[in-house]
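Use the sequences and the hints to build the structure in full.
One-letter residues, chain by chain:
Number of protein chains: 2
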Amino acid sequence: MPDKSAVTQYSAINFSKKYDLFSEQWTPKVIAQMNNYQFKVVKIEGDFIWHSHADTDETFIVLEGQLRIDFRDGAVMIEQGEMYVVPKGVEHKPYAEREVKLLLIEPAGVLNTGDEKSERTAVNDVWI
Amino acid sequence: MPDKSAVTQYSAINFSKKYDLFSEQWTPKVIAQMNNYQFKVVKIEGDFIWHSHADTDETFIVLEGQLRIDFRDGAVMIEQGEMYVVPKGVEHKPYAEREVKLLLIEPAGVLNTGDEKSERTAVNDVWI
Numbered sequence: 000m001p002d003k004s005a006v007t008q009y010s011a012i013n014f015s016k017k018y019d020l021f022s023e024q025w026t027p028k029v030i031a032q033m034n035n036y037q038f039k040v041v042k043i044e045g046d047f048i049w050h051s052h053a054d055t056d057e058t059f060i061v062l063e064g065q066l067r068i069d070f071r072d073g074a075v076m077i078e079q080g081e082m083y084v085v086p087k088g089v090e091h092k093p094y095a096e097r098e099v100k101l102l103l104i105e106p107a108g109v110l111n112t113g114d115e116k117s118e119r120t121a122v123n124d125v126w127i
Numbered sequence: 000m001p002d003k004s005a006v007t008q009y010s011a012i013n014f015s016k017k018y019d020l021f022s023e024q025w026t027p028k029v030i031a032q033m034n035n036y037q038f039k040v041v042k043i044e045g046d047f048i049w050h051s052h053a054d055t056d057e058t059f060i061v062l063e064g065q066l067r068i069d070f071r072d073g074a075v076m077i078e079q080g081e082m083y084v085v086p087k088g089v090e091h092k093p094y095a096e097r098e099v100k101l102l103l104i105e106p107a108g109v110l111n112t113g114d115e116k117s118e119r120t121a122v123n124d125v126w127i
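Going down the list, the protein sequences come from chains A and B. Take the first sequence: its letter number 52 is residue 51 in numbering that gives the first Met the number 0, and every next letter is one higher. Take the second sequence: its letter number 4 is residue 3 in numbering that gives the first Met the number 0, and every next letter is one higher.
The hints are simulated quantities; they were obtained by calculation from the structure and are not laboratory data. Take the hints with a grain of salt, since some may be wrong.
Note that identical chains are pooled: a pair holds if it fits in a single copy or bridges any two copies.
[As the list claims (entries may be wrong)] Simulated crosslink set (BS3-like; lysine-lysine; CA at most 27 Å straight-line):
#1 K116 <-> K16
#2 K42 <-> K17
#3 K17 <-> K100
#4 K16 <-> K100
Remember, predicted model here, so these are calculated numbers, not experimental data.
If you want it as structure tokens, here you go:
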């Protein structure tokens with residue numbers, strides 16, 4: 000450690016505090032970036048649309064609640080403290096019975112609705 | 000949803016269950032991969048070594064406990080439910096007073112000790 004006069008206290012990113020900053024659903028907010036990948040917090044409830052991402056995998060981490068992701072041949076349930084990586088090109092449809100708080104990780108520039116455009120398509124690259 | 004006979008139940012990755020599979024410290028285990036990035040769980044306690052990663056940022060998410068990362072000009076405290084991205088090329092030294100459970104995210108092939116070799120250097124790409 001350097002002498003005290005030069006010490007900088009860097010700040011971690013707190014997920015709960017980020018969620019407290021907004022209440023709207025379906026609007027991913029960027030909270031951090033690692034190389035060209037972004038970490039996004041989002042609240043969702045109800046049905047998303049079927050979509051896929053042709054060029055990238057997509058990571059879902061559930062921080063609160065329970066998420067189901069439907070695939071054309073089945074589904075995965077993701078509870079708090081769990082993660083799942085949807086492979087690129089695989090059609091999927093997230094669904095939450097009650098509001099779920101998610102952490103998404105994917106390359107910068109990826110739209111939430113992938114190759115589909117819908118009323119669920121959110122503005123990209125919004126930092127919080 | 001397809002007809003029931005064709006439904007596959009996919010499995011999420013549960014962080015707690017992964018941690019229950021090992022007790023040794025300082026040995027990152029890969030639990031998932033997104034494109035060329037890996038998610039690794041690791042338990043650490045005490046002092047790591049000063050090191051940096053010349054070519055990539057590195058993400059730390061604290062799932063249990065408290066992590067301090069020292070930098071040459073300061074430090075960051077990362078609590079449970081918080082994350083931090085160490086920029087590429089920045090020298091850092093993780094430290095944990097008591098055992099902390101971490102989720103690391105970085106490109107596949109990145110060594111835990113970066114550009115330094117030490118007794119802390121762990122075998123890479125071990126899946127659990």
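Outcome of the hint check:
no.	hint	verdict
1	K116 <-> K16	neither (31 Å within a copy, 38 Å between copies)
2	K42 <-> K17	both (11 Å within a copy, 26 Å between copies)
3	K17 <-> K100	both (11 Å within a copy, 22 Å between copies)
4	K16 <-> K100	both (12 Å within a copy, 21 Å between copies)
When the structure is compared with the earlier hints, a violation turns up for hint 1 alone.
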